[in-house]
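Chemist: Protein sequences appear in the order of chains A and B. The opening residue of the first sequence carries number 1 in full-length UniProt numbering; numbering runs sequentially from there. The opening residue of the second sequence carries number 1 in full-length UniProt numbering; numbering runs sequentially from there.
Treat the hints with caution; some may be incorrect.
Here are some chain A residues pointing at chain B (derived, C-beta under 7 Å) [said to hold, decoys possible]: (1) V5; (2) T19; (3) H34; (4) H36; (5) V39; (6) V59; (7) R67; (8) I71; (9) V83; (10) V156; (11) Q158; (12) V161.
Reference listing, derived: stretches of chain B covered by chain A, where coverage requires no fewer than 3 residues with Cβ under 8 Å from a Cβ of chain A [what the hints assert, rightly or not]: (13) 31-40; (14) 75-87; (15) 121-131; (16) 148-162; (17) 202-211; (18) 243-253.
Because the hints were derived from the structure by calculation, they are not lab data. Because the structure is a prediction, the values reported are computed rather than measured. Glycine residues also receive a C-beta, built at the ideal position from the N, C-alpha and C atoms.
2 protein chains.
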Amino acid sequence: MDFSVETATPTVVDSFRNTPDARLRGVLESLTRHLHDFVREVRPSLAEWNQAVEFLTEVGQTCTDTRQEFILLSDVLGVSMLVETMNAQQTGTDSTVLGPFHMTESPRRALGDSIDLLGGPRPCVVSGRVLGTGGEPVPGAELDVWQCNEEGFYDVQQPDVQPAGNGRGLFTADDQGRYWFRSVVPSHYPIPTDGPVGRLLGATKRHPYRPAHVHFLVTAPGYEELTTHAFVAGSPYIDSDAVFAVKQSLLVDFAESDDAEAAATFGVTAPFVHAQFDIVLEERA
Amino acid sequence: MDFSVETATPTVVDSFRNTPDARLRGVLESLTRHLHDFVREVRPSLAEWNQAVEFLTEVGQTCTDTRQEFILLSDVLGVSMLVETMNAQQTGTDSTVLGPFHMTESPRRALGDSIDLLGGPRPCVVSGRVLGTGGEPVPGAELDVWQCNEEGFYDVQQPDVQPAGNGRGLFTADDQGRYWFRSVVPSHYPIPTDGPVGRLLGATKRHPYRPAHVHFLVTAPGYEELTTHAFVAGSPYIDSDAVFAVKQSLLVDFAESDDAEAAATFGVTAPFVHAQFDIVLEERA
Chain A
1 MDFSVETATP TVVDSFRNTP DARLRGVLES LTRHLHDFVR EVRPSLAEWN QAVEFLTEVG
61 QTCTDTRQEF ILLSDVLGVS MLVETMNAQQ TGTDSTVLGP FHMTESPRRA LGDSIDLLGG
121 PRPCVVSGRV LGTGGEPVPG AELDVWQCNE EGFYDVQQPD VQPAGNGRGL FTADDQGRYW
181 FRSVVPSHYP IPTDGPVGRL LGATKRHPYR PAHVHFLVTA PGYEELTTHA FVAGSPYIDS
241 DAVFAVKQSL LVDFAESDDA EAAATFGVTA PFVHAQFDIV LEERA
Chain B
1 MDFSVETATP TVVDSFRNTP DARLRGVLES LTRHLHDFVR EVRPSLAEWN QAVEFLTEVG
61 QTCTDTRQEF ILLSDVLGVS MLVETMNAQQ TGTDSTVLGP FHMTESPRRA LGDSIDLLGG
121 PRPCVVSGRV LGTGGEPVPG AELDVWQCNE EGFYDVQQPD VQPAGNGRGL FTADDQGRYW
181 FRSVVPSHYP IPTDGPVGRL LGATKRHPYR PAHVHFLVTA PGYEELTTHA FVAGSPYIDS
241 DAVFAVKQSL LVDFAESDDA EAAATFGVTA PFVHAQFDIV LEERA
């Protein structure tokens, strides 16, 4: 029987019948059904199909060692955030997207070190505790943090300006689950607009901005891994993040502090900016 | 309100509300709905999402000037054939997929020329007429033809063996709509298996083969463009084309002929293989 609009989906689904891995078979069957439904609904012309092929090809070819345009595409379509949300822990700190800039290894640093290697003018301390859902400290939790600078650029975007590892650090919480490090207050910033995803945002009149945030990827033996951000409360674009990643529970005051004693504890001088962000991990089932 | 599994789709759909081009807006809204439905159905883990990102990135990066891995992916998922079928003319010759090998310009050739630049041992003549649906000839129709050689390789796959343009030709039908050219009988062949799409076929135990065929892309002023194949009747894999492109009406006898007079007409010597394939174009609306 000829391939037709009606037989297309069962025919392609059937072609996957011998897939040894049942999960792969299920995913491909679901992909086929939803992809075909999409095609039947929009009825792309051959020229449009060709445009889609060229767009996806360009997305792939825009990826480099330091840029992940397919993550960016997933981000602006809300797919990353949807996947993240479905995998989120239920009782701990809310999670949010990984984003496209977790590409390089963060340098290991000691608690209290600065991740701002260029000595920005406005010192900022980020501190908090890693806790279990029962409130118990999680000593030795690993915190991978990364953020852009005060101008809104990650190190990998400015290799001529920022040393590799600027704005990044891998910290180990102390025996009471505490962590603290010095940095600068990150800026809101546009996701990269010079590639195909940027063109898509332009064609749809969507702005490319993300509100200011510090990324966290937190792991500890016996606990679920957590990918999240501390968003700078009051940052522009908190209500219209280009990648849909804001959760109200993740808004953190980056507050001016005159506390000279606290400043001395953290190795800065008052006044300084202090963000306190406790992180709750769910026990692994 | 936080982004959630329930609010994800309306939120992302709404982000496209200011898209000036109504068609683009509609396509992106439909894409968002179907893509999110797929994600909600399969509930990918973060590791699976990452695998998907890496797979698509590799598909894009496998594309070159002479290889189109995203078309190949579209082909093996039946998407190319579905799009082609929905855009097909209703009353003329059946259409089928463009395939990933229509990448280079076919050299212009005179009727009767051979597209086999290497002088294969088994001469083959392909001839026919380009007609309108009322049976009238379409003089001056342009026929872009391309095919693999007797070993199953296109010129772009064997740049060290085949000269560029081998197996390709751009012909103009005569004043009675007739065309004819010399070639070799194409072989069935595997689609490229050394890239990510090949790995996908391997993981799903699908064979990569296409039945033997000659591609045609036919245009004429006032008529719909037609993309099709002449399949070699009796070729292996006629019933299980890896890209789902076979239509029964496109099976053509590549018949041994002892007709010395016909052979002389076509500039070959009997016995030769003769394929006759008439092409019917629909008038443009």
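Chemist: Evaluate each hint against the coordinates.
Modeler: Status of each hint after checking the structure:
1. V5: Since chain B brings a Cβ to about 6 Å from V5 of chain A, closer than 7 Å, the hint holds.
2. T19: 4 Å, holds
3. H34: 4 Å, holds
4. H36: Hint on H36 of chain A: holds, closest Cβ of chain B at ~6 Å, below 7 Å.
5. V39: With a closest approach of 5 Å, the V39 of chain A hint holds.
6. V59: 6 Å, holds
7. R67: 11 Å, violated
8. I71: 6 Å, holds
9. V83: 5 Å, holds
10. V156: 16 Å, violated
11. Q158: Violated - the Cβ of Q158 of chain A stays beyond 7 Å from chain B, reaching only about 23 Å at its closest.
12. V161: 27 Å, violated
13. 31-40: Result for this restraint: holds, n = 9.
14. 75-87: holds (count 11)
15. 121-131: violated (count 0)
16. 148-162: This one is violated; 0 residues, fewer than the three required, reach chain A with a Cβ under 8 Å.
17. 202-211: holds (count 4)
18. 243-253: Holds, because 6 residues of the stretch 243-253 of chain B bring their Cβ atoms closer than 8 Å to Cβ atoms of chain A.
When the structure is compared with the earlier hints, violations turn up for hints 7, 10, 11, 12, 15, 16 and for no others.
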